[in-house]
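Student: Sequence:
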Amino acid sequence: MHVVLFKGNKMGEKITYETIFARSFSRYDQKKLGYGAFLGCLLIALSFCIVFKPYLGPLPVLTMRMSMDVGLNMLRIMDSFSSEKLRGGDISSSMTTIVTETSSSEIEMVEESDTTGTNETISNGTKVINNKNSSQQKEMKTVCHVEESTEFCEMNGDIRVDGKSSTVFMAVDTMVANSSWVIGPYARRGDEEAFKRVTKWSIKSGVDAYEEAPQCDQRHNVPAIIFSTGGYAGNNFHDYTDIVLPLYLTSRQFDGEVKFLITDKNPWWIEKFRNILQKLSRYELVDINKEVNIHCFTSVIVGLKRYPKELKIDPSKSPYSMKEFRQFLRSAYSLKKENAINMKDNGGKKRPRLLIVSRKSTRAFTNTNAISGMATRLGYEVVVTEVDSHVARAAEMVNSCDVMMGVHGAGLTNMVFLPENAILIQVIPIGGFEWLAKTDFGEPSKDLNLRYIGYKIKTEESSLIQQYPPDHEVLNDPYAVQKRGWYEFKSIYLQKQNVNLDVDRFRATLLRALELLHQ
Numbered sequence: 001m002h003v004v005l006f007k008g009n010k011m012g013e014k015i016t017y018e019t020i021f022a023r024s025f026s027r028y029d030q031k032k033l034g035y036g037a038f039l040g041c042l043l044i045a046l047s048f049c050i051v052f053k054p055y056l057g058p059l060p061v062l063t064m065r066m067s068m069d070v071g072l073n074m075l076r077i078m079d080s081f082s083s084e085k086l087r088g089g090d091i092s093s094s095m096t097t098i099v100t101e102t103s104s105s106e107i108e109m110v111e112e113s114d115t116t117g118t119n120e121t122i123s124n125g126t127k128v129i130n131n132k133n134s135s136q137q138k139e140m141k142t143v144c145h146v147e148e149s150t151e152f153c154e155m156n157g158d159i160r161v162d163g164k165s166s167t168v169f170m171a172v173d174t175m176v177a178n179s180s181w182v183i184g185p186y187a188r189r190g191d192e193e194a195f196k197r198v199t200k201w202s203i204k205s206g207v208d209a210y211e212e213a214p215q216c217d218q219r220h221n222v223p224a225i226i227f228s229t230g231g232y233a234g235n236n237f238h239d240y241t242d243i244v245l246p247l248y249l250t251s252r253q254f255d256g257e258v259k260f261l262i263t264d265k266n267p268w269w270i271e272k273f274r275n276i277l278q279k280l281s282r283y284e285l286v287d288i289n290k291e292v293n294i295h296c297f298t299s300v301i302v303g304l305k306r307y308p309k310e311l312k313i314d315p316s317k318s319p320y321s322m323k324e325f326r327q328f329l330r331s332a333y334s335l336k337k338e339n340a341i342n343m344k345d346n347g348g349k350k351r352p353r354l355l356i357v358s359r360k361s362t363r364a365f366t367n368t369n370a371i372s373g374m375a376t377r378l379g380y381e382v383v384v385t386e387v388d389s390h391v392a393r394a395a396e397m398v399n400s401c402d403v404m405m406g407v408h409g410a411g412l413t414n415m416v417f418l419p420e421n422a423i424l425i426q427v428i429p430i431g432g433f434e435w436l437a438k439t440d441f442g443e444p445s446k447d448l449n450l451r452y453i454g455y456k457i458k459t460e461e462s463s464l465i466q467q468y469p470p471d472h473e474v475l476n477d478p479y480a481v482q483k484r485g486w487y488e489f490k491s492i493y494l495q496k497q498n499v500n501l502d503v504d505r506f507r508a509t510l511l512r513a514l515e516l517l518h519q
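Quick note on this note's numbering: the sequence shown kicks off at 1 and runs consecutively.
Hints were generated in silico from the structure; no laboratory data involved. Treat each hint with caution, since some may be false.
Okay, the calculated beta carbon distance ranges per label pair [claimed, not checked]:
id, residue 1, residue 2, range
1, 358, 459, 19 to 29 Å
2, 469, 434, 18 to 28 Å
3, 257, 323, 15 to 25 Å
4, 164, 512, 52 to 62 Å
5, 504, 323, 35 to 45 Å
6, 468, 285, 44 to 54 Å
7, 290, 212, 19 to 29 Å
8, 211, 182, 16 to 26 Å
9, 164, 285, 11 to 21 Å
10, 278, 217, 19 to 29 Å
Computed cross-link-like contacts, DSBU-like style, restricted to lysine-lysine with a CA-CA straight-line distance of at most 30 Å [claimed, not checked]:
id, residue 1, residue 2
11, 323, 312
12, 309, 483
13, 337, 360
14, 200, 141
15, 349, 496
16, 323, 456
17, 196, 360
18, 309, 200
19, 279, 265
20, 200, 279
21, 290, 200
22, 323, 438
23, 323, 336
24, 290, 164
25, 290, 196
26, 360, 438
27, 336, 350
28, 279, 350
29, 200, 265
30, 456, 446
31, 344, 317
32, 196, 164
33, 312, 290
34, 312, 196
35, 309, 496
36, 360, 496
37, 438, 456
38, 456, 360
39, 446, 490
40, 141, 337
We treat Cβ as the ideally placed atom computed from N, Cα and C, and that holds for glycine.
Please take these sequences and the hints and turn them into a complete structure.
Tutor: This is the structure:
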């Protein structure tokens, strides 16, 4: 079902006519004066048409598409997870709003100055009218996308970036409506906790933007992308799903010919992912919050593209895929191993390599030696290590292995470096983790062409049995704890729990992995 809303802003014109005082003429001059006045009126009318023709073009068109499932709340930005506010400036022209059944909303403003050509297209049931006259003026365009997990604006025209005020101006000298948006350029839309550490940027276009826009200090001949390294940056899982993968999706199209303007810059994050950043952009990074100069571009993207699911690219909606993303990572870190060992072809000459991801604090294995000994007896070459923030070293280590196992946590995100057809074993603690385990690693592993095995521990394998009596709800009814909120759930099941694997029970999981390596 399509709902079409039309909103018209009140426009009033007040035209004051002043009386022309006639003079007295002789009867001989009256006839001549009549002809002269008629010709004069024609000249005046023609002059008005010539002078005001540029201002008779089309008014801006605002086209919006949004999900009917989430209703009009999709128009709200950054107030809360389910209720966020999209802030707009004074729209002093007529507005057309079209609501259709799509998975996201899109706001498009087209600013132009001529009506000699009209092109009307219909896409996915949404009608968009563009009026173009390429011979006189290049189309000035701002398209802002509001999606489930991100928001971003794509801008083309005379664009000026003021880092001091965190403002992007679309400087257009035309009689267009004033419009403004506020965007947090971090790809986890709706997460209030994350956005406490994300600078919000204002995007302005229209007459006011033209008048307010500062003069350019530096002009660039390549596009720019503005994104934040705030939010949950520093957590390895969020580093990839909120920043690295979205940045790849947004910037890969430019093949390195793009400049990164980083807000909320964390030097340690830049150093951690330097290989990836240098692979995506050939230019020096700009700490835009510290810039006193006004940077000017003809194309700017504020914010990053991403898909709602974690560590996911939908190839039906993108020219890229997770397979291509993995190939990109292999190239960035010069990884050598393309495929996991095939035991059937190997003939038993080489042992499969098992990586046990250890943790120093919470959700750590308390009997790593017993696990390692049992795996060795089954025929594995075992490596035990805590994957640190040195990505190049971690990538090389993970890529050399055929099986990786660990308790649910950010360290498992390094599965992106495993070779094709490798096996990921996720140990799932008690606490009702199944949905989280599936969302964060179970489903994404399939797109990475990995084989996935989930091992759910029993209550007796959790260290929580030493902290709570046997009849306590923490051990028997974790869903009751979940209902009291994320922070209480996190403080117990994520921050207080370690794992003591029952090696006899877990033995079957490692045997299953060996079977898969024989296929």
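Student: Are any of the numbered hints broken by this structure? If so, which, sorted upward?
Tutor: Violated hints (numbers, rising): 15, 28, 31, 33, 40; every other hint is consistent with the structure.
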